[in-house]
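Undergrad: Take a look at the letters that make up each chain.
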Amino acid sequence: MSDAITAGGVTAGRTVARRARRGASYPNWFYLPAAIVFGVLFLLPTIASLFFSLTRWTLFEANFIGLANFIQFFREPFLVQGLINTLIYGVVTSGLKVIIGMLLALLLTSDIIGRGYLRAVVFFPVLVSTVGVGIAFVALMHPTQGMINETLAMVGIKGPAWLTDPRFALYSVALVDVWKGVGLATVIYMAGIVSIPQDYFEAARIDGATAWQNFWAITLPLLKPATVTVIILSLIGGLRSFDLIWAMTRGGPGFTSDVIASVIYKQYQAGFYGLSTAGNVVLFVLVALIIVPLSMFLNRNEVER
Amino acid sequence: MNSLRRYLVGGTAIFVSVFVFLVPFAFIVLTAVKDRKSAATRSFDWPTSWHLWDNLVQVIQTRDYMLVTAFVNSTILTVASVTLLVVLGAMVGFVLQRNPSSRWTGLVNFFVLAGLIIPPAVVPTIWVMQSFGLFKTLHGLILIEVAYGLSFSVLLFRAFVATIPKELDEAAIIDGAGPLRLFFQVILPLLKPVVVTVIVVQSVAIFNDFTNPLYYLPGKDNVTVQLTLYNFQSQFSTSYNLLFMNILLITIPPLIVYLFFNRQIVAGMTAGAVKG
Amino acid sequence: MALSMTRRALLAATALLSVGFGPAFAQDTVTLTYLVDDNPTNVATSEALKAAFEAENPGIKIEIETRPGGGEGDNIIKTRLATGEMTDVFRYNAGSLFQALNAPQTMLDLTDEPFQANIIDSFKPVVTATDGRIYGVPEEAAMGGGILYNKKIYAELGLTVPKTWAEFMANNEKIKAAGKTAVIQTFGDTWTSQLFVLGDFFNVQAAVPTFAADYTAGKAKYASTPAAMAGFQKGEDVFKAGFLNEDFGSALFADGVRMVATGEGAHYPMLTFAIGGIAQDYAENLPDVGFFAIPGDDAAKNGLTVWMPAATYISKTTAHPEEAKKFVAFIASTKGCDARSSANGATGPYLIKGCELPADVPAAVADLLPYFQQDGLTAPALEFLSPIKGPALEQITVEVGSGIRSAADAAALYDEDVKKQAQQLGLPGWD
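Residue numbers (my numbering), protein chains in the order written: chain A, 3 to 307; chain B, 2 to 277; chain C, 3 to 433.
Hints may contain errors.
Distance condition first, Cα-Cα at most 30 Å in a straight line; then the derived BS3-like pairs of lysine-lysine [claimed, not checked]:
1) K221(C) <-> K303(C)
2) K223(C) <-> K421(C)
3) K242(C) <-> K154(C)
4) K52(C) <-> K221(B)
5) K52(C) <-> K137(B)
6) K421(C) <-> K391(C)
7) K160(A) <-> K242(C)
8) K328(C) <-> K137(B)
9) K242(C) <-> K391(C)
10) K221(B) <-> K63(C)
11) K160(A) <-> K182(C)
12) K327(C) <-> K221(B)
13) K165(C) <-> K153(C)
14) K137(B) <-> K327(C)
15) K126(C) <-> K421(C)
16) K52(C) <-> K328(C)
17) K328(C) <-> K178(C)
18) K154(C) <-> K38(B)
19) K137(B) <-> K63(C)
What the hints contain is simulated information worked out from the structure, not anything from laboratory work.
Using the sequences and the hints, build the whole thing.
TA: The following block contains the structure:
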């Protein structure tokens, strides 16, 4: 800033003044309260744990072993499978949440009967605890007595063993994840849709635009912030998600629906604390490698617009 | 406009919703009123005998009215942390979106992502909490929930601050508003829809949180609602009727929050529409 | 305005609360906190112990706190010990899980307490840490790992209790031919899948007496020891022969208990503590359930793999060591056994001297006791002889038992898992 001043000139001085004013209206100390809580209770322990990723750590004592945990983690027999499963799970759940969430939001903001009821039921699963949802669907997806397969049997279809057939387990859990989480995506989209100024649609109607053109030219572009939010949140959620997987299959049968987060959690449960911390570092790098470029890309477009 | 379409689309949606959303819910309710043995088969059928009241009383009385204590604790925890999350998160989201040229922006963005991605390190966190006298205290857990929930709130707020025209700020600044007045009197009221979203989502998440209370708030008197599920479910034996009754009971508060704020969402939306 | 009011109200509320949660004005009463896992039969035991102890010691109150079981429970115990936040008294597994707790730094040494004289010697090694000191007392009865079977089906088909694996498979064949489920598996609770491997250890030790020591030293492997691999093979055999219940992948432990009690299935590989569950939910079927050890190849060497029960320990950070020891001494007395029997009935032999089982024990317990009454018919499970138990065993045995992986492949995979655990423990000979 001092460079700008010595460079002199009226324009530079004005820029400085405006900058200073902007700084005054949007002061950095607004970050401070959040930064203290976050820094002390999240960053500090996280940084401490980075050290432990280099140790063999029993919680009672830690021996420095260099990068051995990382080497061990990459040798985990089901890591590659877990990696593939993680990507599948993240993409399937976030993709479905974006599409279904947007469609539901359009439906629930349009003029239909039973709108209040529908809004309530779509959001209801978000309110139920993951444990409860997991237990209920494990029962509903039971291969012989489960309601889903009993219903299919009535129309002559022999339903698969949703959660115990290695080919279906991961996708079954992903579907339940979408069932549980789509209400949130819908609400974010609904908030986005109603904040679109009505005069755009007025103008479009005067121009004789069809509903499809309205959607394509007005709704979809203006929903971009909502879409970005939904994608980022559900992709991150999906990539590191494991509580539902854990509640429903525990990564099974065997290791077939393991994702990276559940592989890490199992190390943690086994008491391999250093190893699981190393796994968390790996997961962080992986998710960051996917999310950071994606979010930069999505946000850049937003700024351009 | 087109009333036939209105009924057709709405009717179809209602029909589908019955299967997709109501049936699983009905399963939970029906199981909750069965006796222990017939609930154990976990089949979807009409109860042979009704035990609504018995199960309800038993769930509430279990382990010295643990559920009641849990409701009190969880309510305080949820209200306090969500309030902090809204204020602190909105402050960060506001400055982050409005002042992108600040040298802190990059770092803050990085921390927001880090907070979303990195799972918390339990034992070092306990050490930190112990050294500040926060461990095993409700306010300690409140701060933990705030720290863990901030990233999500900031992300939502940042996205929606972008939809507020900057001209509003400038008008207020010209009127001589300082940053606090600008934020609390101009911006925050306009963020109402997203504030409501954050309240609903975070209060559900925190009310339903189970790992953090388990580790950071141990002790019989410190129990929170999700931990009461363990009374009826263990590795070896599960009383599905009582478990599902418990699930139903602890779903009621989030449901009330949602039903209450659902109107607010609609109200906020209309306000936005008029303004636009 | 509204905001600041809510906040003030909240602060007041939290302040009130922290006062409310402060220590109650204690006169001369000491309150001991007591952490137990949430298995209902164990909670019942703890409640019975609490009631009996408080009646005898009016100055001491026991406050029971529950925690989840399984791996989550292991983490809670370790976290609370490592951060100095453990309850005064707590219940936890003996054997390899106990060895991971660093007892000398976290628990009170109970070696020189007079009540040690009441405890049967065979229990002491499984709660002895590396420093040679004893840290716990047995809280439950000993258990056997073997096969619960339905006596009605056996009577109906004229079957006899098998002494060899071949006889067992022949019985299964007849049961299957009669249109019944021969073997119940409940992989919905993955831990139940390990019984064929873990419960086969008597047979392993009979064939290779040095296996436990060699295994701990990294010299003996499952994949290269035929007797040890047999456990995996057994899981594969029953699956391949089509003996399993149709929903074996999703069924839960509670389903298995129901099936073997009501005759929906003939055999259920399980620990004998399940008898407590049958007594609770299917009391009228209790006489129909019997028990035998997992058979090996040689009828002359037929014996039982035994599980030591969980123990009670005292945290080093307790403020009331004397009262805590009083409670532990009570647990290790015949009065403690009586309290347990009153809560759950008899599930197996107690490890406290002078404790008698009631005369009318359930049929399966009656089948269990003879193994203990003669020398050489029991062997402790491997987890009580070696600190190493691979954490992924239950997933691996699910894979073998569901036909996803072959027994040989599984044994090799488990050896890798064991290696990781041994390295983590820093044992010699594994690097």
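Undergrad: If a hint holds in the structure, say so; if it doesn't, say that too.
TA: Going through the hints against the structure:
1. K221(C) <-> K303(C): Measuring from Cα to Cα gives roughly 25 Å; hence the hint holds.
2. K223(C) <-> K421(C): Holds, at roughly 10 Å.
3. K242(C) <-> K154(C): Measuring from Cα to Cα gives roughly 26 Å; hence the hint holds.
4. K52(C) <-> K221(B): The given pair, whose Cα atoms are some 15 Å apart, holds under the 30 Å limit.
5. K52(C) <-> K137(B): holds, 25 Å
6. K421(C) <-> K391(C): holds, 10 Å
7. K160(A) <-> K242(C): holds, 22 Å
8. K328(C) <-> K137(B): Between K328(C) and K137(B) the Cα gap is close to 27 Å, so the pair holds against 30 Å.
9. K242(C) <-> K391(C): Status holds; Cα separation ~27 Å.
10. K221(B) <-> K63(C): holds, 14 Å
11. K160(A) <-> K182(C): Answer holds: K160(A) to K182(C) is near 22 Å, not above 30 Å.
12. K327(C) <-> K221(B): Judged against 30 Å, a Cα distance of about 22 Å means the pair holds.
13. K165(C) <-> K153(C): Roughly 16 Å between the alpha carbons, so the hint for K165(C) and K153(C) holds.
14. K137(B) <-> K327(C): holds, 26 Å
15. K126(C) <-> K421(C): Roughly 27 Å separates the two Cα atoms, so the pair holds.
16. K52(C) <-> K328(C): It holds: about 12 Å lies between the C-alpha atoms, which stays within 30 Å.
17. K328(C) <-> K178(C): Roughly 54 Å separates the two Cα atoms, so the pair is violated.
18. K154(C) <-> K38(B): Since the Cα atoms of K154(C) and K38(B) sit roughly 22 Å apart, the hinted pair holds (cutoff 30 Å).
19. K137(B) <-> K63(C): holds, 21 Å
In terms of the numbered hints stated before, the structure departs from hint 17 and from no other.
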